[in-house]
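Q: Here is what each chain is made of, one letter per residue.
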Amino acid sequence: GQQVQQSPASLVLQEGENAELQCNFSTSLNSMQWFYQRPGGSLVSLFYNPSGTKHSGRLTSTTVIKERRSSLHISSSQTTDSGTYLCALVTNAYKVIFGKGTHLHVLP
Amino acid sequence: AQTIHQWPVAEIKAVGSPLSLGCTIKGKSSPNLYWYWQATGGTLQQLFYSITVGQVESVVQLNLSASRPKDDQFILSTEKLLLSHSGFYLCAWRGYEQYFGPGTRLTVL
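As they're listed, the protein sequences go chains W and P.
Note that the first sequence ends on residue 1337 in this note's numbering; no numbers are left out.
Note that the second sequence ends on residue 90 in this note's numbering; no numbers are left out.
Simulated from the structure, these hints should not be mistaken for laboratory data.
This structure is a prediction, so every number in the text was calculated from the model and none was measured.
Just so it is clear, CB atoms sit at the ideal spot from N, CA and C, and this is done for glycine as well.
Treat the hints with care, as some may be off.
[Stated by the list, open to error] No more than 25 Å apart at the CA atoms, straight line, and that leaves these computed lysine-lysine pairs for BS3-like:
| # | chain 1 | residue 1 | chain 2 | residue 2 |
| --- | --- | --- | --- | --- |
| 1 | W | 1324 | W | 1295 |
| 2 | P | 9 | P | 61 |
| 3 | W | 1283 | W | 1329 |
| 4 | W | 1283 | W | 1324 |
| 5 | P | -6 | W | 1283 |
| 6 | W | 1324 | P | -6 |
| 7 | P | 61 | W | 1295 |
| 8 | W | 1295 | W | 1283 |
| 9 | P | 61 | P | -6 |
[Stated by the list, open to error] Away from chain P, derived, C-beta distances all over 12 Å, residues of chain W:
| # | residue |
| --- | --- |
| 10 | 1237 |
| 11 | 1242 |
| 12 | 1244 |
| 13 | 1246 |
| 14 | 1257 |
| 15 | 1259 |
| 16 | 1266 |
| 17 | 1267 |
| 18 | 1271 |
| 19 | 1284 |
| 20 | 1308 |
| 21 | 1310 |
| 22 | 1319 |
| 23 | 1325 |
| 24 | 1326 |
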């Protein structure tokens, strides 16, 4: 089965609402990283978060290793937050598994 | 600061033709290097990684090969392209977190 599962697959919000994106994993975690994928395909790193909670502006990432989950919280969403969010799990020093992504659409 | 350069930016190639994609990392000594591929609408998949010059490990078999001829260079290639090779190719280096290049868009016709 899939070792990394992202949910929801897609999400539609009204501007100003909050979003909670999840990444659940069934294999051992070395580290976790969250990305925003631009429409052209390039990646923007949002968080490197192997454990605990990190904040950056309106974004918060929380990784709980023993519960095998990581989350990305977006507060007070804006239309510019629309796009695809990916989590990437590093299982050992060199193997990396990406989730399928969450497609977020924020309506004005 | 480290920079990652990928070339070409985009390619349109015929089925059966050869391919070479390149990646160069500047400002980082002996980086761990990675190749990824994403089909249109698909999931990013790790293809190869390399931890030193001349050594490359395959993660997913897609009838592609990779080489690391220099410390700062990673090459992805094949002698015969398939339609299924179309997609977006990303190169990355990793210390603790991963740093990605801008990518190459490949269309095989």
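Q: For each hint, tell me whether it holds in the structure or not.
A: Going down the list of hints, with the structure as the test:
no., hint, in the structure
1, W:1324 / W:1295, "holds (20 Å)"
2, P:9 / P:61, "violated (33 Å)"
3, W:1283 / W:1329, "holds (23 Å)"
4, W:1283 / W:1324, "holds (24 Å)"
5, P:-6 / W:1283, "violated (43 Å)"
6, W:1324 / P:-6, "violated (30 Å)"
7, P:61 / W:1295, "violated (45 Å)"
8, W:1295 / W:1283, "holds (17 Å)"
9, P:61 / P:-6, "holds (10 Å)"
10, 1237, "holds (16 Å)"
11, 1242, "holds (22 Å)"
12, 1244, "holds (26 Å)"
13, 1246, "holds (26 Å)"
14, 1257, "holds (16 Å)"
15, 1259, "violated (10 Å)"
16, 1266, "violated (8 Å)"
17, 1267, "violated (10 Å)"
18, 1271, "violated (5 Å)"
19, 1284, "holds (16 Å)"
20, 1308, "holds (23 Å)"
21, 1310, "holds (20 Å)"
22, 1319, "violated (8 Å)"
23, 1325, "violated (5 Å)"
24, 1326, "violated (7 Å)"
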